[in-house]
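Asker: What follows is each chain in one-letter form.
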Amino acid sequence: MWIALIIALAFLTGTDLSRAFSSSTEGVLLQPLIDATPQGETLLLDKGQTYVGPAIIAKEITIRSEGEATVTNDSEEPVITILADGVVLQDFIVRNLNKDPKKPAILVQSDRNRLERLRIVAQGGGIYLRDANDNEIRGSRIEGANSANRKEAFSKRGNGIDLHGSSRNLIEDNTIIHMHDGVYVESSNAATVRNNYASDSRYGFHFMFSGQPVLEENIGEGNVTGGMVMGVEGAIVHDNRFDKQTENVNSQGILLFDVHRSEISGNRVDGNRVGLYIENSTENILSDNEVSRNFIGMQMIQSDTNSFRNSAFVGNVIQAQSTESVDNELRGNYWEDIEGLDTNGDGYSDMTYEIDPFFLQVTKDIDAFQVFFQSPGMPFLAQMFQADTSNWLKDLAPKMEPPDWYDIAEVSDNRWFPLTLGVLLLILSITIIYRWGYRKS
Amino acid sequence: MLHLRTIALREIKLGFRNPWAYSFMVLFALFSLALLLIQSRASLDGYTSTTGTMINLILYLLPLMTMLLGSFSLTSEKEEGGWRLLSSFSLRSSNYLWGKYAGLAVVLLLIVAFGFGLSGVIGALFNQAFEPSAFGQFLLFSAVIILMFLGIAVLIGAVCHNRWQALTYGVGVWFFFILGWPTILMSFLGFLPYLWIKPALVSLIFINPAELNRLFLIVKMGGGSILGPEYYQWVEWIQKPSGSLVFAGICCLWILVYVGLATWVWERGRKRE
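Protein chains in written order, with the working numbering: chain A, 1 to 441; chain B, 1001 to 1273.
Any given hint might turn out to be false.
Claimed, not checked - Taking beta-carbon pairs under 10 Å as the criterion, some of the chain A residues facing chain B (in silico):
#: 1; residue: N316
#: 2; residue: E336
#: 3; residue: F372
As the list claims (entries may be wrong) - Quick list of simulated restraints, FRET-style, between CB atoms:
#: 4; chain 1: A; residue 1: F385; chain 2: B; residue 2: L1027; range: 25 to 33 Å
#: 5; chain 1: A; residue 1: T389; chain 2: B; residue 2: V1026; range: 32 to 40 Å
#: 6; chain 1: B; residue 1: R1010; chain 2: A; residue 2: Q386; range: 46 to 54 Å
#: 7; chain 1: B; residue 1: P1132; chain 2: A; residue 2: G165; range: 49 to 57 Å
#: 8; chain 1: A; residue 1: Q386; chain 2: B; residue 2: P1132; range: 34 to 42 Å
#: 9; chain 1: B; residue 1: G1249; chain 2: A; residue 2: E136; range: 55 to 63 Å
#: 10; chain 1: A; residue 1: W405; chain 2: B; residue 2: L1261; range: 56 to 64 Å
#: 11; chain 1: B; residue 1: A1143; chain 2: A; residue 2: N146; range: 38 to 46 Å
#: 12; chain 1: B; residue 1: L1027; chain 2: A; residue 2: I427; range: 15 to 23 Å
#: 13; chain 1: A; residue 1: D350; chain 2: B; residue 2: R1017; range: 47 to 55 Å
Just so you know, the hints here were simulated from the structure itself, not pulled from any lab data. Think of the CB as a built atom: it goes at the ideal place given N, C-alpha and C, for glycine as much as any other residue.
Please construct the entire structure, taking both the sequences and the accompanying hints into account.
Answerer: Next up, the structure:
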């Protein structure tokens, strides 16, 4: 009601609409407060008070609030720009009204800053680091302004945390919802991304052309792709969980493209379209991963000399597909549908587990044939082409039992419904068969 | 209408005196139960290896069962003189065939209900039951498969003169729609210009009830994205509630067309006599 009135007034008086809004927030300008804070001191924001940016921090100070102070901004500039080293931002809300997806709420262009427990709501980006090293971003929550609209185009959203040309930064314990990429790291070396949660975004965690990134203990759910690593050497990806990346036709749990000499271990990819997708990647070690209930467990294209060990492939509609890939070593993985034979009792099958590339080859040239996925006639057709399996991907010593660390995912103990329905169906069918079929009348 | 009902009730009675019905019932119950018990507990919900295998089991077994039981029921009436007797009454061919259709549908649906009931109860006792949503989806999927293939079965029954012929036709159709479908389509569509392949493929799917149903179920189970970017719009559209309505409409139309064709063939045969 009030907003409508203000808009009407704005039109009547001919004032600029955006100015009407900024005055309507009745905020305190932030920049003069920063200017008045001496170097090394703390600027305490009042609880419940709204402050108006844009503000530039050019000296080493701390800004925090005890409670819910909000800093807002509708200009073209970021709400807060950090130019000085050693700045600390803690415990307040940042609300950026600028709709440009390329503009961040907070821009960091200096070193050794700490951004902790911030809550950022923005149509554009969250926190962007540009040539900024040794910063720490912790415990913050970044959410897209239109998070209710799950179908909102990704091009209208900014990245949650975006690093460019920035080294040795730590991103930890953050929650990122409904952004373009949750965490985007480009040309930034030795970034550590740990224990964050990303959902409803394009890529949950996205590394491009960055040396030695560490991605550990993160969770991604319902993104197009959970974790994407591209053009990277020496990445460490471990103990992450990527679940339910299924909605998009390009969805994956973990996507490795042009990745070399990296270690991908202890991750769980569950219920995705493709659990692990590997393309143009070499000399990686993938071990102790749980690949479960995906439509396709693992897909490997043009990737050589990788090593796969001690992982569990369970409940995937198709366990794995591989084409144009040679010299990969698979050993000691557990495949749920294994037809194994263990003659010497060492827990490993003496028969190999072979991965049929047929479907991938058929659909490579003609996408439309994807519609035959798991068609009941496909095994029949594939079998006719199984003359030579020597160049197939094979597990040389598949495990007979799941690895020790693998425990069956929680299943709801909903026995009563199927039991009741089953009993009802039985009673119904037997009664009708007896009354209308068997009884002579 | 009264005729139709009489024929349907007679069909149910005949159906359950037919040992074939019980052998299929046992086969279906045993297979679904075995499948349920050997699978891991973790994958009984959504589109996974277990539900995928279950879909294929249903697709291997139910269309064949439906087409054999359905077409045998009609051809045996021709062979054993049941139809000759009935046709001396003022019974319309359409009433007769729809009565047959309804009666056979009840028989087949009861067979499936028994199979699912048994595997549901025993599975639940062994704590290996399908999640409620998957259980319901499978029931519905099986029912639609039966109702659609029964249309083909009635047409086969109308066309064929005896059970042997019906068996040959039934197995032939089964092989074409279930086992040979990808092979045949891939080899022939490969000759088409690239841009024609997808439209041709999509329109062909509508003549194969097994594929149509399977794809519909996969999309409803949340697996639509596996079909790739080519089918993105189809998948989006099926996921909406209106998609289900249109699908139901297509199924009804399919049954009407097939039983209608069968009536026409049957009527022609009647006039020749």
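Asker: Each of the hints needs a verdict: does it hold here or not?
Answerer: To see whether the hints hold, each was checked on the structure:
no.: 1; hint: N316; in the structure: holds (6 Å)
no.: 2; hint: E336; in the structure: holds (6 Å)
no.: 3; hint: F372; in the structure: holds (5 Å)
no.: 4; hint: F385/A x L1027/B: 25 to 33 Å; in the structure: holds (30 Å)
no.: 5; hint: T389/A x V1026/B: 32 to 40 Å; in the structure: holds (37 Å)
no.: 6; hint: R1010/B x Q386/A: 46 to 54 Å; in the structure: holds (50 Å)
no.: 7; hint: P1132/B x G165/A: 49 to 57 Å; in the structure: holds (52 Å)
no.: 8; hint: Q386/A x P1132/B: 34 to 42 Å; in the structure: holds (39 Å)
no.: 9; hint: G1249/B x E136/A: 55 to 63 Å; in the structure: holds (59 Å)
no.: 10; hint: W405/A x L1261/B: 56 to 64 Å; in the structure: holds (59 Å)
no.: 11; hint: A1143/B x N146/A: 38 to 46 Å; in the structure: holds (41 Å)
no.: 12; hint: L1027/B x I427/A: 15 to 23 Å; in the structure: holds (22 Å)
no.: 13; hint: D350/A x R1017/B: 47 to 55 Å; in the structure: holds (53 Å)
This entry satisfies every hint, going by the numbered hints stated previously.
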